[in-house]
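So the protein lines, in turn, are chains A and B.
Residue numbers for the first sequence follow numbering that gives the first Met the number 0, so the first one is 0 and each next one is one higher.
Residue numbers for the second sequence follow numbering that gives the first Met the number 0, so the first one is 0 and each next one is one higher.
Hints are not guaranteed to be accurate.
[What the hints assert, rightly or not] The list that follows gives simulated cross-link-like pairs (lysine-lysine, DSBU-like), each with its CA atoms no further than 30 Å apart: (1) A:LYS266 x A:LYS308; (2) B:LYS85 x A:LYS116; (3) A:LYS126 x B:LYS156; (4) B:LYS134 x A:LYS51; (5) B:LYS134 x A:LYS115.
[As the list claims (entries may be wrong)] Pair ranges (Cβ atoms, derived): (6) B:GLU60 x A:LYS166: 47 to 57 Å; (7) A:ALA189 x B:GLU60: 53 to 63 Å; (8) A:LYS115 x B:SER137: 32 to 42 Å; (9) A:LYS126 x B:SER129: 32 to 42 Å.
[Said to hold, decoys possible] Per the computed footprint, the stretches of chain A lying under chain B, defined by three or more beta-carbons under 8 Å from a beta-carbon of chain B, are: (10) 79-93; (11) 216-223; (12) 263-277; (13) 284-298.
Hints were generated in silico from the structure; no laboratory data involved.
Note that beta-carbon positions come from the ideal geometry of N, C-alpha and C, so glycine has one too.
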Amino acid sequence: MSEQQVTQEQNESQEQQVAQEQVPERFSLFPGCIAKNMYPSIEKSTRIVFEKIGIELLDHKYSCCPAPGVFRGYDRNTHMTLGVRNLVMANQDGVDVLTICNGCYGSLWEANHMFKKSKENQEFVNKMLEKIGLSYDGSTEVYHFADILHKHLDDIKANKEIDLGLKVAIHYGCHYLRPSEKHPDINPEAPHIVEDIVEALGCESLEFKNKLSCCGAGGGVWSGAEDVALKILDDKMNKIEEVGADCVVNICPFCHLQLDQGQAKLKTHKVPVLHLSELIGLAFGVRPKHLAMHTHMVSTRDIEKKVKKAKKESD
Amino acid sequence: MSQEAAVEEKKKDEYELDEFQKIMDQSNILKCVQCGKCTAGCPAGRESRIRIRELIHLAHEGKDLKDAPELWYCTTCYNCQERCPKGVDTTEAVIFLRNRAVRKGHHNFPDLHVTAITSLRDQGDGFPLSPEVEKIRSVIGLPRKPIDLAHDEEFLKDFQKLIDELGILDLVKEAQAQKKEEEEGEEDE
Chain A
0 MSEQQVTQEQ
10 NESQEQQVAQ
20 EQVPERFSLF
30 PGCIAKNMYP
40 SIEKSTRIVF
50 EKIGIELLDH
60 KYSCCPAPGV
70 FRGYDRNTHM
80 TLGVRNLVMA
90 NQDGVDVLTI
100 CNGCYGSLWE
110 ANHMFKKSKE
120 NQEFVNKMLE
130 KIGLSYDGST
140 EVYHFADILH
150 KHLDDIKANK
160 EIDLGLKVAI
170 HYGCHYLRPS
180 EKHPDINPEA
190 PHIVEDIVEA
200 LGCESLEFKN
210 KLSCCGAGGG
220 VWSGAEDVAL
230 KILDDKMNKI
240 EEVGADCVVN
250 ICPFCHLQLD
260 QGQAKLKTHK
270 VPVLHLSELI
280 GLAFGVRPKH
290 LAMHTHMVST
300 RDIEKKVKKA
310 KKESD
Chain B
0 MSQEAAVEEK
10 KKDEYELDEF
20 QKIMDQSNIL
30 KCVQCGKCTA
40 GCPAGRESRI
50 RIRELIHLAH
60 EGKDLKDAPE
70 LWYCTTCYNC
80 QERCPKGVDT
90 TEAVIFLRNR
100 AVRKGHHNFP
110 DLHVTAITSL
120 RDQGDGFPLS
130 PEVEKIRSVI
140 GLPRKPIDLA
150 HDEEFLKDFQ
160 KLIDELGILD
170 LVKEAQAQKK
180 EEEEGEEDE
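Same shape as in the complex, but just chain B (with noise of 0.2 Å):
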């Protein structure tokens, strides 16, 4: 490895440790005993494969959690976190987590997840209107189209502003360039 590269490697690491260290701070993660009551109450744990308890065990290792397909399965019902007897903010622990493997751009996004975040940048809305709500709506009796910022010219425009200066859709974008690029890499090996 050139000089370089490993100055750039190192700092590479020292974000992730800042990251980790992060999330530990905001969502207490080190306090966790691995106990388990957080994946007895867990809806999503008892259909699927996701297991908060494994996921806090491995953040707190600062093990790469980018491409657990698991990490995506939780609903945020907030159970395990009402009820974690030593305190660890599991849901948010999970939420610091998924911005975490976004901003790695590794996750696979779904697709629906990708059209609502494009929705919501060009029409206000993750759910936009359809033309046969619209109808129905005139015929109950409420504006035909809703009073909102969809239906409004200037304020979609400074929420697009506003939007495309948090850059949302540019991390997705990125991530699935990133994803795009890593995929024919492995078809060439």
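So here's chain A without its partners, still in its complex pose (with noise of 0.2 Å):
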């Protein structure tokens, strides 16, 4: 490659740094509803995160997404016409959606790629969305946010101020790897996206056996047979336990209620559950009282005291 070539190259990614500075990145945050009503603690520390890693959040008048589990069982019309009419908010705007959780993000991806692909699909939300005096187009993307954040592990490790050192056991949640069409580019049977991130805060990523296996609660199965449910938990906790994991950590508030609620109800059981976004806070220095981390079911006071002992070894 001859001197100049380099030297245009050069300029030309510069000029590509200045253009993405000069916009800064917008979503629109889904936050769900467990995440909002039922563990603000996750719905705050990935505010918190967004906003260090420069990505502006912006917020709409959001339903329900509506949960896959119950609602597409039951009607799956419902589900996608619920699922677009969310979708509308955010393209009034003209910004994309980021979803917090695998079920909001099954959910509004499912609702835009049958609405997208379907001529049928299309007539028939749009005939509903009328009477409320809405339409919707098909040119919203839906994101999950760990894939934006994995875009910007730079941006994280900047901000880092605590290396973490946790042994942490990586929950992914079905809706997030399956079905693969959602991520043509990640091998379902074996990703490194999150192993990515949270690497990148000091953590090891343990490896244990049924690693991408489901938590037990989708499907309407928390909510319809919750035997069943804790059956599922009770073998995946098992598998965690084995391990010595300091925490799970999980990138979906269902997943995070089931394994947190599941396990104070197993009472076999009591692994701290992070979010993801509450990981990244407890490294970027955020004190998990300001985080509300007491709302957990199973304490993470073990955590805290390790993450304030690494602190000290940071400064």
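Please dock the two separately framed chains into a single complex, following the hints provided.
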């Protein structure tokens, strides 16, 4: 490569950088029922983390995504239409949607996908939306926050104040990975997105059996057949305890609810449960009290102590 | 059977055939070779009596699944669908079968499902906000009430209009009424 070419490429990449800096990244935050109404610590830490890495989050008048387990199982068209109504809210402001929950991601992604791929669906949804004066053209994209964070690994490292040094068991949850059409570039049997992020925070990601398996709560089973949901969770927690994890890190408030409340119901496990946003918040030096971590059913006190110790070592 | 009843019966059969055809077309279940890979990787199958292979087989044969409780044990984890060597959309098939069971009005609805549907219709969220969490939100510097549809009367009213138009709650109520009627019928016998 000639010197001139190299200079030209450098110039281009600098120009791109300037362009990126000029237009700040913006998304409409779709917090989802569980984060905003049951685990505000997840919503709070998400807002802190995204602000620190320079991504603006907007608010819109969203309903429940609606939850895929119950609503899609009862009536698919209702699920699709209400999902699209949510997308219209962001669409009106010309922004894309950022989800922090696999359920919301799955619902909204699928509603969008079903809408785009079939004319029959487009007609059905728009006929329904017309009744409340809305319409949709399919131009909004739905993103999962883990994917966006992964693109900003350098910003995460730059904002990290504490090398956490925790041994974490990653729980992906089903509807991030599957159906794999959502992520053509990720191997659903061997993903490496959340691993990269926790490693950037100074954590060790543990390997364990059935790491990519279900938490047991999806498909309406959490509310419809609790015994089945808890048996699946028990099996999962056994595998996590076997490898000596300090905590379970998830990317879905519904899995979070199942992992946290489910352990309290089972009474046989007590591994602290952290949403990825909470873990990053801790590494950014946010005090656990400011994140309302005490709202977790399984105490996070041991984690807080370890983080405090790691902070002293970092200082 | 009177002629009228026979015509009614035939219409019902045709409707059911149509529905099955739709399920098969949309989820490729006719391609199933009953290899069992779906069941082998099913987390719910290890802990309950759901067998995805069997559900697909019964759907394939046109058997009625309206009263099968195991239809509701699937967590929709999509392991089976991802791993199916014949490209059958097994999880999608389960969802179609559930929708059909609801339409047929024979499903034993778990109370919490009905609560979630009612809560979505009335409050815009499947899991509504509690006064306790409202307080915690304000303590950690979030808006006490989230900026959302649930806390905007006008948006909520429109949303309720939309959901009533879609009729999901009517489906549940009809199914519950039918179930009650049948149970009373059984008691009489």
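Do the hints match the structure? See the list:
Pair hint A:LYS266 plus A:LYS308 holds up; C-alpha atoms about 28 Å apart against a cutoff of 30 Å. Our distance criterion of 30 Å between C-alpha atoms is met by B:LYS85 and A:LYS116, whose separation comes to about 22 Å. For a cut-off of 30 Å, the pair hint linking A:LYS126 to B:LYS156 stands: about 18 Å separates their Cα positions. Restraint check: the Cα-Cα separation between B:LYS134 and A:LYS51 comes to about 25 Å, which is no more than 30 Å; the hinted pair holds.
Note on B:LYS134 and A:LYS115: the hinted pairing is violated, with a Cα-Cα distance of about 41 Å set against a maximum of 30 Å. Taking 47 to 57 Å as the suggested C-beta distance range, the pair B:GLU60 and A:LYS166 conforms, at roughly 50 Å. For A:ALA189 and B:GLU60, the hinted distance range of 53 to 63 Å is not satisfied, since their beta carbons lie about 37 Å from each other. Distance hint check for A:LYS115 and B:SER137: the Cβ-Cβ separation is about 40 Å, which falls inside the suggested range of 32 to 42 Å.
Between A:LYS126 and B:SER129 the beta carbons are some 36 Å apart, a value that agrees with the proposed interval 32 to 42 Å. As drawn, the region 79-93 of chain A meets chain B at 3 residues by the rule of a beta-carbon pair under 8 Å; at three or more, the given contact holds. For the region 216-223 of chain A, the assignment as covered by chain B holds, since 7 residues bring a beta-carbon within under 8 Å of that chain's beta-carbons and 3 suffice. Closer than 8 Å: that is the beta-carbon criterion, and the region 263-277 of chain A has 0 residues meeting it against chain B, so the requirement of 3 is violated.
With 4 residues having a Cβ less than 8 Å from any Cβ of chain B, the region 284-298 of chain A passes the three-residue criterion, so the hint holds.
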